[in-house]
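S.K.: Residue numbers (my numbering), protein chains in the order written: chain G, 543 to 652; chain A, 18 to 133.
There's no promise every hint is true.
What the hints assert, rightly or not - Computed cross-link-like contacts, DSSO-like style, restricted to lysine-lysine with a CA-CA straight-line distance of at most 30 Å:
| # | chain 1 | residue 1 | chain 2 | residue 2 |
| --- | --- | --- | --- | --- |
| 1 | A | K58 | G | K610 |
| 2 | G | K547 | G | K610 |
| 3 | G | K639 | A | K58 |
| 4 | G | K613 | A | K58 |
| 5 | G | K639 | A | K81 |
| 6 | A | K72 | A | K37 |
| 7 | G | K639 | G | K596 |
| 8 | G | K639 | A | K83 |
| 9 | A | K58 | G | K547 |
| 10 | G | K547 | G | K596 |
| 11 | A | K37 | G | K639 |
| 12 | A | K81 | G | K547 |
| 13 | G | K547 | G | K598 |
| 14 | G | K639 | A | K72 |
As the list claims (entries may be wrong) - Among the chain A residues that face chain G by a calculated CB cut under 10 Å, a handful are:
| # | residue |
| --- | --- |
| 15 | Q23 |
| 16 | Q46 |
| 17 | T49 |
| 18 | L61 |
| 19 | S112 |
For the record, the hints were derived by calculation from the structure and aren't laboratory data.
Every value quoted in this text rests on a predicted model; they were computed, and no experiment measured them.
Yeah, the Cβ is synthetic: ideal placement off N, Cα and C, and Gly gets one too.
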Amino acid sequence: DQQVKQNSPSLSVQEGRISILNCDYTNSMFDYFLWYKKYPAEGPTFLISISSIKDKNEDGRFTVFLNKSAKHLSLHIVPSQPGDSAVYFCAAISSEKLTFGTGTRLTIIP
Amino acid sequence: GAVVSQHPSRVICKSGTSVKIECRSLDFQATTMFWYRQFPKQSLMLMATSNEGSKATYEQGVEKDKFLINHASLTLSTLTVTSAHPEDSSFYICSARPPTARETQYFGPGTRLLVL
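Full structure from sequences and hints, please.
M.R.: Structure, rendered in structure tokens:
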């Protein structure tokens with residue numbers, strides 16, 4: 543049972559445009575959400591997080607939006623840069639355990 | 018960000034042998050570390066939670082006698098894959114949680130295990 547889902551396995555975006563990565567979850571007990579960036583054969587790198595009591599968190603080019611009623615969160619990257627090309631995982635915390643989504647491969651086209 | 022190391026980064030072994038993977042938090046003390054595995058093109062799946070000085074907590078479906086976890090100090094956790102088989106071939110990643118940021122986990126670079 544996949545409690546955290548990323549329905550788009552891949553996404554291509556033109557350099558300079560906005561990248562929007564989506565994530566849906568089913569467990570209403572999740573109280574904290576995170577986005578990680580991952581390159582092949584490396585561990586995930588933390589990008590940005592949001593508490594379930596908030597609906598938006600911004601850090602530089604990265605903004606995370608949370609819609610609790612829809613059990614949906616998204617990561618916005620603007621402007622997109624070639625170095626942003628990677629696999630992005632959303633993750634959710636419940637009872638101090640991290641559950642990862644299936645990942646979205648983002649490719650930034652120069 | 019905090020640094021977590023893993024050793025070895027890659028290991029190839031024969032079926033039936035045991036392999037030990039080390040996970041170290043280099044600049045903070047981690048009372049809790051986590052072990053994940055990732056199959057190709059799949060998500061990271063939590064295998065177990067490693068608590069310093071106590072037994073690890075395994076996720077459903079993970080054999081604790083096959084994946085031995087030891088968290089002997091505040092900076093070191095080890096995962097031993099006992100009697101490895103080809104189906105154990107995977108990418109194993111550890112993470113460490115600093116005591117002052119309980120929502121954050123810092124990940125190691127991972128260990129690629131190939132069992133022949």
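S.K.: Give a verdict on every hint.
M.R.: Going through the hints against the structure:
In summary, the hint linking K58(A) to K610(G) is supported, as the alpha carbons are separated by about 28 Å, within the 30 Å threshold. The hinted pair formed by K547(G) and K610(G) meets the criterion: a straight-line CA distance of about 15 Å does not exceed 30 Å. Taken as a hint, the K639(G) and K58(A) pair is honoured in the structure, with Cα atoms around 22 Å apart against an allowance of 30 Å. Straight-line distance between C-alpha atoms of K613(G) and K58(A) comes to about 24 Å, which keeps the hinted pair within the 30 Å bound.
The hinted pair formed by K639(G) and K81(A) meets the criterion: a straight-line CA distance of about 18 Å does not exceed 30 Å. Of the pairs offered as hints, the one joining K72(A) and K37(A) holds, with about 17 Å between alpha carbons and a cut-off of 30 Å not exceeded. For a cut-off of 30 Å, the pair hint linking K639(G) to K596(G) stands: about 20 Å separates their Cα positions. Simply put, K639(G) and K83(A) have alpha-carbon atoms about 22 Å apart, close enough for the 30 Å limit, and the pair holds.
For the suggested pair K58(A) and K547(G), the alpha carbons sit about 14 Å apart, so the restraint of at most 30 Å is met. A threshold of 30 Å between alpha carbons decides the hint, and for K547(G) with K596(G) the separation of about 20 Å falls inside it, so the pair holds. A C-alpha spacing of about 24 Å is found between K37(A) and K639(G), which places the hinted pair at or below 30 Å, so the restraint holds. Between the alpha carbons of K81(A) and K547(G) the distance comes to roughly 27 Å, so the proposed pair stays at or under 30 Å and holds.
For the proposed pair K547(G) and K598(G), the alpha carbon gap of about 20 Å is at most 30 Å, so the pair holds. A hinted pair counts as satisfied when its Cα atoms are at most 30 Å apart, and K639(G) with K72(A) qualifies at roughly 16 Å. Annotation: interface hint on Q23(A) holds; nearest CB of chain G at approximately 8 Å, less than 10 Å. Because the closest C-beta pair between Q46(A) and chain G is about 17 Å apart, greater than 10 Å, the hint is violated.
Checking T49(A) against chain G: minimum C-beta separation of about 8 Å stays under 10 Å; hint holds. For the restraint placing L61(A) at the interface with chain G, the shortest Cβ-Cβ distance is roughly 5 Å, inside the 10 Å limit, so the hint holds. Of the supplied interface hints, the one on S112(A) holds, with its beta-carbon coming within about 8 Å of a beta-carbon of chain G, less than 10 Å.
The structure shown violates just one earlier hint, number 16.
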